[in-house]
Amino acid sequence: MLTTLLHPRLDRLKQLADGERPDTSLRAHLERCTRCRMTVARLRALRAELERLPAAEPSAQLLDRILASRAAGTRVLLPTTATRAPGMGPPWIQGAAIIVLVLGVAFFTAVWLRPSLRDSTRRAALADRVLAELPFWSSPAFAQGPAAPVTQPRYAGIEQLEMDRLHEGEWVYESRGVTDGVFTSNGLRFALEVASTGSSGGRAWIVTRTNLTKAGAPSGFRDTAIVDGTALRPVREVMHGRYMRRFLRFSNDSVFELVTKARGVDTTTLRGTARLPGSRRSPLLVAWYPLDYLVLMQVIPLRRDWRGSVYVMYSTAIASRFPAFAPLDLDVVGTQRVSVPAGTFDCWKVEARGGDTRSELWVSKDRRWVVKVVHHTTEPGFTLDQVLVSAPPRTPPGPR
Amino acid sequence: MTRAVINGAKPLLEDAKSGTPAALSALYREHGWTLYRLAYRLTGSHEDAEDVVHDVFVGLPEALRRYEERGSFAAWLKRVTARVALAHVRRERRRREVVLDVARTQGLAEPVGDTVGLGAAVDALPLPLRAVLMLKEVEGYSHAEVAELLGITAGASRVRLSRAIARLRRALGG
Numbered sequence: 001m002l003t004t005l006l007h008p009r010l011d012r013l014k015q016l017a018d019g020e021r022p023d024t025s026l027r028a029h030l031e032r033c034t035r036c037r038m039t040v041a042r043l044r045a046l047r048a049e050l051e052r053l054p055a056a057e058p059s060a061q062l063l064d065r066i067l068a069s070r071a072a073g074t075r076v077l078l079p080t081t082a083t084r085a086p087g088m089g090p091p092w093i094q095g096a097a098i099i100v101l102v103l104g105v106a107f108f109t110a111v112w113l114r115p116s117l118r119d120s121t122r123r124a125a126l127a128d129r130v131l132a133e134l135p136f137w138s139s140p141a142f143a144q145g146p147a148a149p150v151t152q153p154r155y156a157g158i159e160q161l162e163m164d165r166l167h168e169g170e171w172v173y174e175s176r177g178v179t180d181g182v183f184t185s186n187g188l189r190f191a192l193e194v195a196s197t198g199s200s201g202g203r204a205w206i207v208t209r210t211n212l213t214k215a216g217a218p219s220g221f222r223d224t225a226i227v228d229g230t231a232l233r234p235v236r237e238v239m240h241g242r243y244m245r246r247f248l249r250f251s252n253d254s255v256f257e258l259v260t261k262a263r264g265v266d267t268t269t270l271r272g273t274a275r276l277p278g279s280r281r282s283p284l285l286v287a288w289y290p291l292d293y294l295v296l297m298q299v300i301p302l303r304r305d306w307r308g309s310v311y312v313m314y315s316t317a318i319a320s321r322f323p324a325f326a327p328l329d330l331d332v333v334g335t336q337r338v339s340v341p342a343g344t345f346d347c348w349k350v351e352a353r354g355g356d357t358r359s360e361l362w363v364s365k366d367r368r369w370v371v372k373v374v375h376h377t378t379e380p381g382f383t384l385d386q387v388l389v390s391a392p393p394r395t396p397p398g399p400r
Numbered sequence: 401m402t403r404a405v406i407n408g409a410k411p412l413l414e415d416a417k418s419g420t421p422a423a424l425s426a427l428y429r430e431h432g433w434t435l436y437r438l439a440y441r442l443t444g445s446h447e448d449a450e451d452v453v454h455d456v457f458v459g460l461p462e463a464l465r466r467y468e469e470r471g472s473f474a475a476w477l478k479r480v481t482a483r484v485a486l487a488h489v490r491r492e493r494r495r496r497e498v499v500l501d502v503a504r505t506q507g508l509a510e511p512v513g514d515t516v517g518l519g520a521a522v523d524a525l526p527l528p529l530r531a532v533l534m535l536k537e538v539e540g541y542s543h544a545e546v547a548e549l550l551g552i553t554a555g556a557s558r559v560r561l562s563r564a565i566a567r568l569r570r571a572l573g574g
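From first to last, the protein sequence lines stand for chains A and B.
Heads up: the first sequence begins at 1 in the numbering used here, then just goes up one per residue.
Heads up: the second sequence begins at 401 in the numbering used here, then just goes up one per residue.
Derived from the structure by calculation, the hints contain no laboratory data.
The reader is advised that the hints may include incorrect statements.
Here are some, though not all, of the chain B residues that point toward chain A, as calculated from beta-carbon distances under 10 Å [claimed, not checked]:
no.	residue
1	Val456
2	Gly519
3	Glu537
4	Arg563
Ranges of calculated distance between the beta carbons of each label pair, as one might list FRET restraints [unchecked claim]:
no.	chain 1	residue 1	chain 2	residue 2	range
5	A	Arg303	B	Ala422	46 to 52 Å
6	A	Gly355	B	Ala474	38 to 44 Å
7	A	Gly216	B	Pro526	48 to 54 Å
8	B	Ala422	A	Ala60	14 to 20 Å
No residue lacks a Cβ here, since even glycine has one placed at the ideal position from N, Cα and C.
If we strip away everything but chain B, and leave its shape as in the complex, we get (with noise of 0.2 Å):
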C-alpha cells in the first residue's frame, strides 16, 4: 500500500498542497489510471476524459486545502473527479450537436441486435442514466457508493439504473 493511500499519510499531501510537481507526480500514478477509467466511463471520449483528469490534478494542490480528511483520500479524489466529468458532459452536450460518432462506437461494441449498437445506446442515454449505467455494471460500484459518487440517494441510483436498462432494451430490440 503506497503512501497516498493511508490517511495518515501527511507528507505527499502536504507537498501536494503546495503544488510540487514530484508530488503531483506520486498522485497521479497512484490514481490517474483509476480517475481518468472513470472519467471515461462518464465522458464516453478519450479526449475528454483526459481533460476531465488534466482538470483535477491541475486544481488539486488548491483542493487540498478544503479537503477535510474525512474517509479515504482515494474515494474524495473519485467524488471531485466525477463531479468535474459530468460538469463537463453537461458543459459540451449544451454546446455541440449531439452526433453519435458510429465509427467510434462501432470500435466500442459488437452490434448486439438488429437495430443500433450498445455503445450507441448507451452513449445516447441521458447523462443521470447513462452516468448511473456504467458506475454500477460496468464499473462495479455499489448503489451505496454510486450515490455517494453523483450525490443522489441509492434510491435514486436504483430507479435510474431500472430507467437505463429499460431505455437500452428498447433501443436494442429486447
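Next comes chain A alone, as it looks inside the complex (with noise of 0.2 Å):
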C-alpha cells in the first residue's frame, strides 16, 4: 500500500525504460500512477533519442598525421597506471601538493641557496619563480621511450670543463640583423644573468636571459633555466613569451617538455618527451634559438687547435625546421682582436656548426666571454649578429 503512495526513484524508473521486468509492488503502483508510466515512456524516448545522436568519423588523414608526429620525434606520455594526472586530483591532493611545492621552494631557499644568495634577495627570487612556475608533474611524468634518431657529432664530446672559470654576473647584448654587409636593423638587446646557487648534488647555476626594450627594460621575453654545476647540464628551465610558455624538466636521461601557447581564448598545449643523447658528462645546451652558448664558452679550455661537440635540444614538442636535438660543433680557428661597445678584447675565434647553420664566435682570452657573434642563416647575405655591450667587471677568475 505503502509504495503505490510513493514514487519509485527515477533510477528506478530507468531501469524499467531500460527493459527490467518491475516486482509485484511496482506493477502495481505503474498501474495507479499516471505520472511515473509517462515518466517511464519518456525516458525510452529520451535514450531513444540519444542513440540516435550522430557521431562524425575520423578525418582520413589522422592516421598520416600520427606517423608524422611520430616521425619528427613527438612523443606523449600516456596515463596508462590510475594514477591521476596533474591538477585533477580531489582538492585535498592538490592542496596537499601545493603544500609540498611551497615547502620544497621554502626549503630550497632557505638551505640549498648559499649565504650570498640568502643575502641577495633578487638571486632567491629567481630561485622561487624558477619553481613556483613549475607545474606540479609525478615523478612517473619521465619518457622511458628511446631518443629520435640523432646526427652524430663531427667532434668528441666536451667533458674537460673549468668550471671554476663560470662566475656570476650580469652580461647585455645586442643583435642586430645585417644584410649584405651594409644594412643593419634595429635590433633588441637581450641580459643574461648567471647566478650561482646550491643543491644536494653541488654547486648549481641560475641562468636567466631576458629580452629588453632599448630603453633597458624588460620586453616580455623570460628563459630561466637552472643548470648543474658540473657538466653544464639543465636540470629545469621556464621559458615566458608574450604568447608562450614553455616548461621542461631534466633528470639523468629524460626530458619531459609542456609548451603552452595561447592567444585570446585559444589555447593549444604541445607535450614532447625524449631521451637524452649523448654523455651525462657532457654539457647540454637547451636552445630556442641557437645562439645559446655563451655560459657554455666560459667554461671551454680554449686554445688554439681545440675542438669539441654538445649536444642542443630545440624542442621535442613543437615541429620545426629542428630536430629535437643536433649536434653543435665547434671549432677554434683562430685569434683576433675585436672591438665592441663593452671595450675591446682579445680573442679566440670559435666556428660553431649545427645543421645546416653556422655562427663566428669571437671569445675573449682573458674571462672566456663571447664578446661577439655573427650567426649565418640560411637567407643569403643576411646574419644576426650579437655584441657585447656591457660585462661585470674584469677582475681575474678565482682560484682552481
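Got two chains here, each in a separate frame; can you build the complex from them with the hints?
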C-alpha cells in the first residue's frame, strides 16, 4: 500500500525504461500512477533520442598525422595507470601538492641557497620564480622511450670543463640584423644573468636571459634555467613569451617538455618527452634560438686547435625545421682582436656548426666571454649579429 | 579476428613497442575508429576527438612497455583513451569560456522540446555526468564497463546517470 503512495526513484524508473521487469509492488504502482508511467515513457524516448545522436568520423588524414608526429620525434606520455594526471585530483590532493611545492621552495631558498644568495633578494627570487612556475608533475612523468634518431656530432663530446671559471654577473648584448654587410636593422637587447646556487648534488647555476627594450626595461620574454655545476647539464627551464610558455624538466637521461601557446581564448598545449642523447658528463644546451652558448664558452678550455661537440635540444613538442636534438660542433679557428661597445678584447675565434647553420664566435682570452657572434642564417646575405654591450668588471677568475 | 585483438598475438604489439609505422598503422586500422568514437562521445568535438586519438597513438609505443597484458588489449586501449579524453576536456574547459555551439548542436539533433536541443543539453552537463550518460546510453556500455573506463565504481556510475537524466529532463522541459 505504501509503495503505491510513494513514487519510485528516478534510477528505478530508468531501469524499467531499459527493459528490466518490475516487481509486484512496482507493477501495481504503475497501474495506478499516470505520472510514473509517463516518466518511464519519456525515459525510453530520451534514450532513443540519445542513441540517434550522430557521431562524426575521423578524417582520412589522421593516421598520416599520427605517423608524421612520431617521425618528427613527438612523444606523448599516456596515463596508463590509475595515477591521476597533474592538477586533477580532489581538492585535498591538490592542496597537499601545493603545500609540498611551497615547502620545497622554502627549503630550496633557505637551505640550498648559499649565504651570498640569501643576502641577495633578487637571486633568491629567481629560484622562487623558477620553481613556483613549474607545474607539479608526478615523478612517473618521464620518458622511457628512445630518442628519435640524432645526427652524430663531428667531434668528441666536451667533457673537460673548467667550471670554476664560470662566475656570477650580468652581460648585456645587442642583436642586429645585417643584410649584405651594409644595412643594419634595429635590433633588440637582451641581458644574460648568471647566479650561483647550491643543491644536494653540489653547486648549480641559475641562468636567465631577458629580452630588453631599447630603454633597457624587460620586454616580456624571459628564459630561466637551472643547470648543474658539474657538467652544465640543465635541470629545469622555464620560458615566458608573450604568447607562449615552455617548461622543461630533465632527469639524468630524459626530458619532459610542456609548451602552452595562448592567444586570446584559444590555447594550445603541446607535450613532448625524449631520452637525452650523448654523455651525461657533457654539457647539454637548450636553445630556442641557436645562440645560447654564452655560458658554455666560459668553461671550455679553449686553445689553438681545440675542438669539441655538444648536443643542443630544440624542442620535443613543437615540430619545426630543427630536430629535437642536434649536435653543435665547435672549432677554434684562430685569434683576433675585436672592438665592441663593452670594450676591446683579444679573442679566440670559434666556429660553431649545427646542422645547416653556422656561427662565428669571438671569445675573450682572459675571461672567456663571448663578445661577438655572427650567425649565418639560411637566407643568403643576411646575418644575425650579437655584440657585448656591458659586462661585469674584469676581475681575475677565482683560484682553481 | 585479427592478430591485434588476440592477447597471445605478441608480434604486432612487439613491433608497435618499437614504434614501427606499419605496426602503428595496423593497430590504428583495428582500433582507431572505436577509439575515435569513444573520444568523440566524451569530448563532443570532432577536432578534440582527433587530438585525443592522435595523442593515444603517438604515445602508444612507449605506453605499451607499461602494458601488463592482463585482460583484453582493446579494453586497455579504451581505458587509456577515456583517460586522455577526460583530461583533454578538463583542460579545455578550464581555459575556454564555455559557449554552446548552436550551429554544431543543431546539426547533431533535432529539437526535442520547446526549450533547448538535446545536443546542447548534453553539452551543458558537467563532465562527470556527461561522460557516464554518453558511454551508457549512447555507446551501450554497462555500468561495470563505464566504471572501469572512468575509474569509478559501478554505483557511482548509476548515481551519475540518474543525475544526468534528471538534468536533461529539466533542460528539455520534460
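Comparing the hints with the structure gives:
1. Val456: Constraint on Val456 of chain B satisfied, holds at 7 Å.
2. Gly519: holds, 7 Å
3. Glu537: Because about 5 Å separates Glu537 of chain B from the closest Cβ in chain A, which is inside the 10 Å limit, the hint holds.
4. Arg563: Where the cut-off is 10 Å and the nearest Cβ of chain A is about 9 Å from Arg563 of chain B, the hint holds.
5. A:Arg303 - B:Ala422: 46 to 52 Å: holds, 51 Å
6. A:Gly355 - B:Ala474: 38 to 44 Å: Roughly 42 Å apart at Cβ, these two residues keep to the hinted range, so it holds.
7. A:Gly216 - B:Pro526: 48 to 54 Å: holds, 50 Å
8. B:Ala422 - A:Ala60: 14 to 20 Å: holds, 18 Å
Checked against the numbered hints given earlier, this structure breaks none of them.
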